[in-house]
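Peer 1: Next come the chains, spelled out residue by residue.
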Amino acid sequence: MKNDEIRRTLRFLQWTALTFILTLGLLLAYDMYRSRAPIKQAQDQLAELKQQDLADAKLSQTVRDLDYLYRSAYFQTKDKQRRGVLLLGIAFFVLCGLFGAEMFVFAPKLKVPRGTGAVPEKERRQLLVFASCGIVVLVVALAVLRIVLVPAETKHTVQPADAQNGTSGKKNETKPAIPTETIDLLAALEAEKSQWPQFRGSILPNANALPANWDFQEKWNSPVELPGNSSPVIWDDLVFLSGGDGANYAVFCYDANSGELKWKTDAPPAAKMPEVTEDTGYASPTVCVDSKRVYAVFATGEVLCLGHDGKTLWHKQLPDPVIMYGYASSPLLLGDKLIVQYDLDEKQTVFALNVFTGETVWKTEREGAASWSSPRGFVADGKGMIFTAGNMLAEAFSLDDGKALWSQECMGGEVATSATSNDGIIYFSNTGAFTGAFRAADGEILYNNEDVPAPDVASPVLCGDQFLLFGSGGTIIAIDAKDGHELYEEDLDNGFYASPVAVDGKIVAVNLDGDLYAFAPGKDKIETEGKYSLGKKVVCVPAFHRGNLILRTSENELICLESKP
Amino acid sequence: MIPRLPLLFAAQARFPAPEFESYTLPKMSLEELASDSVLWRVLLLAVFLAAGTWFFYKLRSRKALLAYSVAGLAVFGFLFASCPCPVGMFQNVAEGLANGSYIQPGVLLLFALPLAIALFAGRVFCGGACPLGAIQELLHWKSVFIPRPLDRILRLIPVLLLLIFSVCAICGIGFPLCYLEPYLPIFLLDFATPFAILSAVFLTAGLFISRPFCRYVCPYGVLLRFFSYFSLLKPQITSHECVNCRLCEQGCPNGAILPPEGTGSTSEHRSGFRRISMLTALIPFALFAGGLFGYFCAPVLSSFHRDVRLVRELDAGIKSEAVEAFESATTTREELRARAIKLQNGVLLASTAAGVLFGAVVMAELIAEARRRKEEEVYTIDPSLCFCCGRCYAACPLERKEKHHEK
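Quick mapping for you: the protein sequence lines, in order, are chains A and B.
Sequential numbering of the first sequence, starting at 1, is according to our numbering.
Sequential numbering of the second sequence, starting at 1, is according to our numbering.
No lab work stands behind these hints, which were simulated from the structure alone.
Incorrect hints may appear among the rest.
Below, simulated SDA-like cross-link-like pairs (lysine to any residue); rule was C-alpha separation at most 25 Å, straight line [what the hints assert, rightly or not]:
no., chain 1, residue 1, chain 2, residue 2
1, B, K407, B, S61
2, A, K363, A, D401
3, A, K383, A, E365
4, B, K319, A, V322
5, A, K78, A, T23
6, B, K63, A, G97
7, A, K292, A, V379
8, B, K142, B, K27
9, B, K27, A, D79
10, A, K122, B, D151
11, A, K292, A, G307
12, A, K292, A, Q408
13, B, K142, A, K537
14, B, K319, A, R83
15, B, K142, A, V105
16, A, K109, B, K407
17, A, K537, A, D515
18, A, K264, A, D236
19, B, K374, B, F273
20, B, K63, A, P113
21, B, K403, A, N3
22, A, K80, B, F273
23, A, K122, B, I146
24, A, K78, B, L25
Computed spacing ranges between beta-carbons, pair by pair [what the hints assert, rightly or not]:
no., chain 1, residue 1, chain 2, residue 2, range
25, B, L292, A, K78, 34 to 40 Å
26, B, I197, A, L49, 34 to 40 Å
27, B, F145, A, V136, 21 to 27 Å
28, B, F120, A, V139, 36 to 42 Å
29, B, A322, A, E367, 21 to 27 Å
30, B, W40, A, D79, 26 to 32 Å
31, A, L27, B, F145, 35 to 41 Å
32, A, D56, B, G172, 54 to 60 Å
Note that CB positions come from ideal geometry on N, CA and C, so glycine has one too.
Work the whole structure out from these sequences, hints included.
Peer 2: This is how it looks when you write it as structure tokens:
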């Protein structure tokens with residue numbers, strides 16, 4: 001065979017291989033693209049069929065047949081594609097071989113060189129020109145990199161959380177304090193009795209005195225800069241509460257005697273504004289306070305710990321609280337742990353945070369759906385325990401390690417109220433869920449009265465041997481705490497959103513009109529021992545301070561009421 | 001950014017596992033082949049490099065070197081699926097050395113062997129043992145010559161890439177350079193876009209521009225180039241007296257043949273002196289500009305890291321899969337932010353340092369190219385740019401004559 005013929009043959013084979021590669025490549029690409037849609041359709045169709053009653057043998061067989069059919073088609077397609085790709089690889093190799101063969105067989109044709117050849121000196125001058133152009137290209141490329149690749153709003157860098165709002169890192173120190181002390185749970189609970197440290201007061205029966213009479217006068221009235229449905233809490237002579245409007249979140253401290261604003265500390269800016277309804281707001285969880293620290297949780301999932309002087313000791317961001325209406329559960333302070341019931345739309349978790357550092361001591365995931373209930377603490381056999389009510393389960397956890405001690409699948413609906421406890425029994429009531437009692441030790445349901453209309457916002461209260469429900473329609477129902485049967489029912493003019501509290505054998509409750517009541521539960525009716533009309537809407541729980549009442553109104557006021565002499 | 005490019009039909013559609021109660025997924029087991037052993041690969045590579053050196057320096061045969069390329073493509077490209085990969089192994093070793101993590105001795109040997117041979121015999125590895133070099137060598141059709149000065153400027157791109165991806169590997173950003181390995185779809189037989197498109201672009205360019213990846217992308221090539229500069233054996237176009245026919249210069253598509261350097265006139269010497277003086281004076285500015293360049297590139301580089309990207313998505317309120325995964329994890333935003341800031345600061349430092357180094361390399365290259373070479377009356381080979389393909393041997397009439405006589 002002459003050289004020309006060999007070259008022609010090689011060229012022909014090269015072009016054939018190249019055409020084959022291009023054709024096969026395009027066909028394979030098209031086939032891969034095309035085969036995606038039927039797979040999706042098949043999966044959708046199967047999913048649709050599986051939604052139906054698969055107990056039907058005929059339907060079940062149809063599903064199996066279709067599944068087999070689709071699966072076979074899928075794998076046959078994949079096999080076919082795999083063979084195609086292998087063929088493509090072989091063609092590539094053959095093409096390389098053919099190119100190599102041509103170079104192997106034929107020495108390069110030598111042509112008479114054109115021109116005068118490279119002139120090094122000229123090339124060196126050109127080099128500098130090209131280098132200058134290269135620098136220009138590099139500068140332009142850099143500018144494009146800056147503009148195109150990095151979104152302008154991120155400013156190229158990850159900003160520290162406290163720098164995002166323009167506040168200095170020193171102002172809001174986030175470094176957690178090193179724990180240097182321990183907190184005895186029982187002693188702490190005992191100390192709280194004479195204070196008003198958290199949502200609905202102290203865990204143990206509160207030792208504050210009731211006002212001398214129900215004929216009040218305003219001792220002071222201070223505006224609160226930011227709105228919120230969180231209730232005021234008190235430690236010694238300091239009143240703490242939180243507020244937020246979506247853009248700003250803060251904790252406020254007032255002097256309980258004068259109403260003077262002592263300090264206000266802003267929470268770190270939220271990365272994302274939560275979606276909340278007007279009723280819930282951005283600061284519904286009531287803050288907790290102990291002898292040294294204040295703990296606030298906001299609708300953003302931000303947990304903030306401050307000293308009594310307003311300095312930030314630590315803060316922590318919990319996962320984004322995506323929950324219908326907005327996050328509203330108040331934290332629970334039990335010794336050296338801050339318990340946060342975090343029942344979101346997708347995931348329900350109970351967090352125990354170290355009060356000194358904010359670190360998660362334990363977290364326990366729960367089953368169910370979103371709820372707005374606050375956890376309840378109690379002590380059994382000298383050990384701290386936590387009761388949570390969610391949308392499905394009533395559960396108790398060990399304070400030490402977060403292990404579930406018992407659970408009852410007796411809840412449902414939108415659970416927003418919180419439990420109360422006494423003498424080893426937990427009482428709970430929420431509309432559509434449960435109205436009854438559990439034995440704290442093992443969770444046994446002692447009774448469940450499904451006949452009474454249960455409250456949907458205000459938490460039930462225990463007073464003596466009566467378990468009382470304050471509805472948002474204005475109905476008060478008393479239940480015998482021992483066996484759960486209804487004792488009596490009373491209708492008032494307006495309903496209750498603020499949870500009633502029991503102090504000194506009386507029940508103090510405030511309705512949506514701002515009527516402040518002192519009730520004494522009788523045998524067959526509830527006695528109204530005092531009524532005072534604020535004339536302003538109130539949804540927050542009143543706090544007690546040396547015979548005075550401190551209330552937050554929905555008009556962004558903090559009011560201290562004292563009995564007239 | 002490259003990792004965010006739409007993968008079109010890259011992700012394989014998958015059927016879920018059967019839901020029958022009695023069904024259990026079969027256990028996957030991969031049978032280990034002899035070729036999977038890294039040491040076996042090292043041994044084979046050593047044999048190849050030895051053969052390549054023999055073909056290039058002793059046989060001086062273009063045909064033997066072509067066979068070397070075909071064999072390298074078959075073995076290291078298709079059989080071992082692009083191993084040794086000049087892209088991946090460089091990043092593996094860089095990360096391992098920087099972070100103190102364990103590097104397999106075999107991987108280290110694969111990395112070091114071509115460099116050691118480069119010190120002895122130049123870039124024999126690029127000639128055919130490197131699967132990427134082999135495929136480019138074979139799939140080159142008609143040469144379009146890049147002017148030598150432009151070629152020298154473009155050859156700074158791999159230096160830049162080497163530094164950028166060293167920063168990425170050292171700072172734990174990952175191996176983004178692997179996305180730029182254009183021939184991998186062919187070796188893995190997985191033509192997923194956009195990598196297949198990149199393959200097609202490089203293959204098409206390679207038909208006309210010799211070894212576009214080796215010359216203008218390959219970061220490992222920068223190291224080989226550096227080591228080859230000091231190579232013990234220097235390739236010679238012909239063992240006879242060169243007749244300055246310029247055929248070799250036109251036969252080498254890689255710009256590795258250097259023209260003769262004459263004595264030069266006084267004015268040439270003076271202008272050369274001015275050039276060198278000017279470039280030397282520019283060194284501090286180049287270092288500063290390089291540092292600035294690195295400083296500005298740092299946020300772009302750090303944005304490749306998952307933590308930084310996640311914080312930015314969280315700050316921007318983007319609801320991505322990563323954000324959802326983060327929200328269900330135990331890490332807090334503070335911890336994540338602290339990690340991202342730490343990484344960002346590390347990248348800033350490393351990138352600025354790399355920028356300064358790049359400025360230094362650019363100036364060193366420019367000065368080296370701008371100065372007059374040692375006087376030489378004949379055409380010579382620059383060992384640091386020569387890919388040991390043997391084209392110049394085939395183009396040299398003296399060599400061809402000798403081969404003819406041998407026959």
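Peer 1: If a hint holds in the structure, say so; if it does not, say that too.
Peer 2: Structure-based check of each hint:
Straight-line distance between C-alpha atoms of B:K407 and B:S61 comes to about 13 Å, which keeps the hinted pair within the 25 Å bound. Using a Cα cut-off of 25 Å, the hinted pair A:K363 and A:D401 holds, with the two alpha carbons roughly 8 Å apart. For the hint linking A:K383 to A:E365, the alpha-carbon distance of about 21 Å falls within 25 Å, and the restraint holds. In summary, the hint linking B:K319 to A:V322 is supported, as the alpha carbons are separated by about 12 Å, within the 25 Å threshold.
Our distance criterion of 25 Å between C-alpha atoms is met by A:K78 and A:T23, whose separation comes to about 19 Å. Between the alpha carbons of B:K63 and A:G97 the distance comes to roughly 13 Å, so the proposed pair stays at or under 25 Å and holds. Taken as a hint, the A:K292 and A:V379 pair is honoured in the structure, with Cα atoms around 22 Å apart against an allowance of 25 Å. For the proposed pair B:K142 and B:K27, the alpha carbon gap of about 51 Å is over 25 Å, so the pair is violated.
For a cut-off of 25 Å, the pair hint linking B:K27 to A:D79 stands: about 20 Å separates their Cα positions. A C-alpha spacing of about 15 Å is found between A:K122 and B:D151, which places the hinted pair at or below 25 Å, so the restraint holds. For the given pair, A:K292 sits about 6 Å from A:G307 by alpha-carbon distance, which is consistent with the 25 Å threshold. For the given pair, A:K292 sits about 37 Å from A:Q408 by alpha-carbon distance, which is inconsistent with the 25 Å threshold.
Between the alpha carbons of B:K142 and A:K537 the distance comes to roughly 87 Å, so the proposed pair goes past 25 Å and is violated. Annotation: proposed proximity of B:K319 to A:R83 is violated, straight-line Cα distance about 40 Å (limit 25 Å). A distance of roughly 17 Å separates the Cα atoms of B:K142 and A:V105; the hinted pair therefore holds under the 25 Å criterion. At most 25 Å may separate the alpha-carbon atoms for a hinted pair to count; A:K109 and B:K407 meet this at roughly 20 Å.
A hinted pair counts as satisfied when its Cα atoms are at most 25 Å apart, and A:K537 with A:D515 qualifies at roughly 9 Å. Distance hint between A:K264 and A:D236 is fulfilled; the C-alpha atoms sit about 18 Å from each other, no more than 25 Å. Distance restraint check for B:K374 and B:F273: the Cα-Cα separation of roughly 15 Å lies within the 25 Å cut-off, and the hinted pair is therefore satisfied. Only pairs whose Cα atoms come within 25 Å are accepted, and B:K63 paired with A:P113 is accepted, the gap being roughly 24 Å.
Taken as a hint, the B:K403 and A:N3 pair is honoured in the structure, with Cα atoms around 19 Å apart against an allowance of 25 Å. For the given pair, A:K80 sits about 67 Å from B:F273 by alpha-carbon distance, which is inconsistent with the 25 Å threshold. Among the hinted pairs, A:K122 with B:I146 is consistent with the structure: their alpha-carbon atoms are about 15 Å apart, no more than 25 Å. Pair hint A:K78 plus B:L25 holds up; C-alpha atoms about 19 Å apart against a cutoff of 25 Å.
Restraint check, B:L292 to A:K78: a C-beta distance of roughly 51 Å breaks the suggested window 34 to 40 Å. Distance hint check for B:I197 and A:L49: the Cβ-Cβ separation is about 39 Å, which falls inside the suggested range of 34 to 40 Å. At about 24 Å, the CB distance of B:F145 to A:V136 agrees with the hint of 21 to 27 Å. Between B:F120 and A:V139 the Cβ separation comes to about 41 Å, which falls inside the hinted range of 36 to 42 Å.
One distance hint, 21 to 27 Å for the beta-carbon pair B:A322 and A:E367, holds here, with the actual separation near 26 Å. Checked against the given bound of 26 to 32 Å, the beta carbons of B:W40 and A:D79, roughly 31 Å apart, stay inside it. Taking the beta carbon of each, A:L27 and B:F145 are about 36 Å apart, inside 35 to 41 Å as hinted. Range check, A:D56 to B:G172: Cβ separation about 55 Å, and the 54 to 60 Å hint holds.
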